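Enquirer: Residues per chain, in single letters:
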Amino acid sequence: MSSNQDLTDFVGLSAILTGFGADDLNPQFSPAPVAVEYLQTLQSKVDAALVSRMLSTYQTISGLPPAEQPAAVQSQILADPQLGPVARNVIRMWYLSIWYTDYSDPNNPVTGFSDGTVVSSNAYTKGLAWDAAQAHPMGYSEMHYGYWATEPPPLDSPDDNS
Amino acid sequence: MMRFSRQTVRAIMLVSLACVGTQCSQAPPPPPANTGATPAAGAATASPAAQGPLGSTLPGDADFSDNPQTLQALQHDFDVFSWQSFVALNWTALADGSADPQKVIGADGDNRTVWDSYKEPYEVFLPDGSQPPPWGQQELPAQCRNIGPADGKLIQMTQKVSDDVLDVAGQPFGTGPLVDQQNGRYVRYEIRINRDTYDYIVQNTLFNKEGQQAFTKLVQFPSGSSATAQNPKPPVGALVIKAAWKVVDPAQGDVPGRFHKVQAYVYTRASDNPPTQPSCELKTMGLVGFHIAHKTASAPQWVWSTFEQVDNVRVGHDAPPGTKANFHDPSSKYPANTPPPRPWNPNVVLPPDKRSQVTRVIPIDDATNALNAQWQGWLRAVNKDSVWQYYELVSTQWPTQPKNSPTGPKAAGEPAPVFLANATLETYIQGKTPNVSSSCIMCHNNATTTNSKFSDFTYLLERAHKKGGDNR
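These protein sequence lines are chains U and C, in that order. Note that the working numbering numbers the first sequence so that position 121 is 105, with each residue one more than the last. Note that the working numbering numbers the second sequence so that position 195 is 271, with each residue one more than the last.
Read the hints as simulated data drawn from the structure, not as lab findings. Given the structure is predicted, the values throughout are model-derived calculations rather than measurements. Incorrect hints may appear among the rest.
Among the chain U residues that face chain C by a calculated CB cut under 8 Å, a handful are [what the hints assert, rightly or not]: (1) Gln12; (2) Gly123; (3) Trp132; (4) Glu135; (5) Pro136.
From the derived model, a few chain C residues whose C-beta atoms are all more than 10 Å from chain U [unchecked claim]: (6) Lys409; (7) Gln477; (8) Ala488; (9) Asn511; (10) Lys529.
Positions of the beta carbon are idealized from the N, C-alpha and C atoms, including for glycine.
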């Protein structure tokens, strides 16, 4: 089970890893919070000690001035031989809503993307790749009918990345 | 078609209504229960003295930004908004259709409602695309004339989606008819639109295809807003209702005192498959499902409320012994949430073993049940025989991110709850599968005009015909 602190740390770390704001990843009024599902997936797929080392490493980093945090995540988590692959798999999970089972070899582009599971039907609709591209997953669109005929809003529009 | 002025025939209708159901009385209606009326605080129209929070004023906006900001607290606020709307729409109506300031909802057990004088789409989107008659006049199909009061309610949709819309949307909706346990008869549906919706359609000539083609702006129905000191009578905004009715017949085991009832023309269109003649019967119909969609300033994706009669999928509270659920029989072997066998003929009475077996796939949540008990109590306090105490809110769907850009990837505004269905209106698409199971906002997000432009969440505009008729 995940505690509230775990969720806060997970969302904070994910914000730095994905480039999306923490409010976008876990909106205050989300009716189906995907962050909770992703944390549970992480905790059920990865050795508990490793997950808690990653989250506690981030917790320390979160005490730094915000401007210094990304570099610290790079050096202390992404560059760590054990944490790095897990963190990269977390990025993929957020963007593609898939947990890749062979996360231990992310440097191999073939096997690194071979076997994966879509986290849930809810998660399928919420992959960040779609938001980043201002698109939508196949078979599920929250855009108004006919959106393709109008100019998309600016990429940095704050309200569209929930 | 004949035209009748609503105002001249209302009186006939009221008398006939007073005589529907169990408490049929020859005497004139009793004097108003509550004559010492004082207007509710901030109300645009006068409301009677306190009956709990029961009032005849429709809430204008759904802006709860001052309240404790949690998902649950906001859901509660929207659910209260739904109940306020339900009560105001079903408030006792005067002859002109407006709310009677002297008479609380249900004071006489049942009552003619405010929304009963709202327009039906078939009155607005005429077959020849001509200018619809002014607010307040009704036209009847030929089969319905001379068999009852000229302005009786006309109910004609036998499936959730009308023929006009089926042409456009096709079968993927996967809907089918719903058949009640007591009578083996098809549930009928109707749609009603309020004045602000009607005015927007008429003022912008959106009632025919040519008008929609010529309309180059984005379709944006007016929004409701709340009363302020500067603006004490704000617009209600676009409000659209979809209602489901079943035949109520005490001889077949229905308990009429548990339904809001109308005498209605039940009109069945001609059809080739199976061959069906157009017909019209005058029947006592009881309200079993009630959708309200209301566009407000704080919810441009609209607020979606849905109510049901309490006996739909199980026997509800305070039922007399022997009451059976409307759409569920524990002893039936007919598969649950499955449409009746084809061919679908609304004129046929289905045998008991083929009648609809409906279950609620997503239970009503505890907080909403508690709120329902509270409002039902207030309605009962008006009159222990009030039919309105036998309705319950299933839930309210609202946008959690209402300010999302309408051209962006999350324009639907992240609705909560994610899924919502009424057992009588989205019977066959209940559940929790994205894009398959019922979500009011997500499905209505696909609604368009006849020239395939986004139509602001309402399917109404798809019903427009060409000037002079589509076969011209």
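Enquirer: For every hint, state whether the structure bears it out.
Expert: Each hint, compared with the structure:
no.	hint	verdict
1	Gln12	holds (7 Å)
2	Gly123	holds (6 Å)
3	Trp132	violated (10 Å)
4	Glu135	holds (7 Å)
5	Pro136	holds (6 Å)
6	Lys409	holds (31 Å)
7	Gln477	violated (5 Å)
8	Ala488	violated (4 Å)
9	Asn511	violated (5 Å)
10	Lys529	violated (6 Å)
Going through the hint list in order, the structure does not satisfy hints 3, 7, 8, 9, 10.
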